[in-house]
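Participant: Protein chains in written order, with the working numbering: chain X, 1 to 283; chain P, 1 to 309.
Just so you know, not all the hints are guaranteed correct.
[Unchecked claim] With a Cα cut of at most 16 Å, we get these calculated EDC-like pairs of lysine to aspartate or glutamate:
#1 Lys169(X) to Glu111(X)
#2 Lys117(P) to Glu271(X)
#3 Lys86(P) to Asp171(P)
#4 Lys69(X) to Asp228(X)
#5 Lys25(P) to Glu111(X)
#6 Lys304(P) to Glu271(X)
#7 Lys173(X) to Asp171(P)
Please keep in mind that the hints were generated in silico from the structure rather than gathered at the bench.
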Amino acid sequence: MLIERKWKKWAYFYLPMALFILFTLFPFYWMAVTAFRPDPELYRTWRQPNAAPLWTLQPTMEHVIGLLKTTAFPTWLWNTMAIAIVSTGISLVCGTFAGYALARLRFRGSEFLGTAIFITYLVPQTLLFIPLADIVRDLHLGNTPWALMLTYPTFLIPFCTWLLMGYFKTIPKELEECARIDGATRFGAMVRIIFPVAIPGILSAGIFAFTLSWNEFIYALVFMASADQKTVPVGVVSELIRGDIFFWGQLMAGALLGSVPVALVYSFFVEYYVTGMTGSVKG
Amino acid sequence: MSEAIAVTGRRERVSRLTRLLESEKVLAVALLLPGVVILITFIAYPFVMALWFSLTSIRVGDAGQYVGLANFTKAIDDTIFQQAFKNTVFYTFWATIFKLALGMWLALLLNRHFRFKRIVRASMLLPFIIPTVLSAFAWRWMFDPTFSVMNWALYHGGMITDRLPFLSSGDWAMWCAVVVNTWRGMPFFAITLLAGLQTISPDLHEAAALDGANAWNRFWHVTWPLLLPVTLVVVVFSVIQTFSDFQLIYVLTGGGPANSTHLIATYAYQIGVGSGLLGEGAALSLFMFPVLFAVVWVQLRYLKRMENA
Chain X
1 MLIERKWKKW AYFYLPMALF ILFTLFPFYW MAVTAFRPDP ELYRTWRQPN AAPLWTLQPT
61 MEHVIGLLKT TAFPTWLWNT MAIAIVSTGI SLVCGTFAGY ALARLRFRGS EFLGTAIFIT
121 YLVPQTLLFI PLADIVRDLH LGNTPWALML TYPTFLIPFC TWLLMGYFKT IPKELEECAR
181 IDGATRFGAM VRIIFPVAIP GILSAGIFAF TLSWNEFIYA LVFMASADQK TVPVGVVSEL
241 IRGDIFFWGQ LMAGALLGSV PVALVYSFFV EYYVTGMTGS VKG
Chain P
1 MSEAIAVTGR RERVSRLTRL LESEKVLAVA LLLPGVVILI TFIAYPFVMA LWFSLTSIRV
61 GDAGQYVGLA NFTKAIDDTI FQQAFKNTVF YTFWATIFKL ALGMWLALLL NRHFRFKRIV
121 RASMLLPFII PTVLSAFAWR WMFDPTFSVM NWALYHGGMI TDRLPFLSSG DWAMWCAVVV
181 NTWRGMPFFA ITLLAGLQTI SPDLHEAAAL DGANAWNRFW HVTWPLLLPV TLVVVVFSVI
241 QTFSDFQLIY VLTGGGPANS THLIATYAYQ IGVGSGLLGE GAALSLFMFP VLFAVVWVQL
301 RYLKRMENA
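Chain X extracted, bound-state conformation:
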């Protein structure tokens, strides 16, 4: 009986779980191994016997050093970081204000506005990039970080608003009413009483928004032309492939280093991230 149960647990739990972990993490493992594998070992065809295919016996830093010294990678990292922080900041301010107004204030058209913001949440970037490139150019923002700092909020604000609207609804109204009776203004009660209580929600929205802007690709690809203005994803795609040649060692080093900042932020705030993610679809 006990043996049968053990066998069942292996078949129904440990084995599938192990396969899921392998499927999920192997690409990252392969990314890391490739980034530190010397070229002669890297370019061995699939039929050749290979001394250490899943491992490397002579780990090398040449790809990482080459990436940092001969390409603009550090600049791309800095650009991506600055753009992600500023666009997240703008979206949090707009989203917190709008979320509060939609959750708490009674005014005509509030339901319509809520629906409209929800619809913009679902408009994909790939539908708008062609005319948006024109608008960005007309506003003289083309090839400057502001082109992305102002357009990323278009997919972050609806998300932040939606998430925080839900959050504000869970905060009891009595909290504000007490403050108002004590003489606080409507604005003062919002800023000093309600916003501090909402900090976990704001943090969740912020972490999720940060990872979304780190991931954005098509706007950055279309709006940024010169190498020193690019973000990590665009720089890796357009500058690390010369002609038709893929320098896989450097490419994987770039992919690895480009993932580290966002993975670090995520690892510190896993719980907030999960709240943001599950909240993003709940409404």
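We have chain X already, so just place chain P on it with the hints.
Facilitator: Just chain P now, kept in the frame of chain X:
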């Protein structure tokens, strides 16, 4: 003296502002204004422009003229676009099925108690966190025709005698894209469904088990119906993301070999940005709109019903 007047003046202005903000309507307008301005400038306005572009022959450096529906009829007759549309439907359909099935399975596994649960759950989300472009490159390298680690493993494991044409045949490449998309989106399904699972009372399962229901019946008659609302919302979000996907295909195949793996978005990019035919590109991407609109409409109706219930 004059300083004192200035201070009183400022105080008066401040108090007038606070008095103004006491009105719910005024405060609402003030709070909503910044967000709404950004959304109108960079979503509503470009959307209207996309509609206008699609009716003209505009190209880079040439404003073009009104051409009616010519761009749309041209797209419908374009065999590459027909292929791209079919690919988009295929890609969305299969990737969503796989993400839902595997995500549900993973959620059920993660819902159990085991050691290292927190770290396993956290690492399961990595594909969703890491920028898609960067992880798609890792996949492209794993699918490489000459140096593929998967061909290597299958060959030395005795499973194949000749290499598999992962990205060099159109049919294979489309399935590879489905696999990578599933890999990336599965965690989103798993974690949101897990959150839903955790709200289901264990008592229900116990009661069903006492009535003699086996594991499959318990899933089908207890878990699935209770999870349906969450599932529906997650599927809607995923369908929108997958249907309008761009970056994964752009990196993995670039639409090749021979234009056989284009999605609507990558083909619109090739025409609109690559060839500079802005009008035609805008028309192509607008073909996504009816499908997305239908999905959003279903979602909104559903939300309304939930609110009324």
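Participant: What are the numbers of the hints that this structure violates, sorted from low to high?
Facilitator: Hints 6, 7 contradicted; others consistent.
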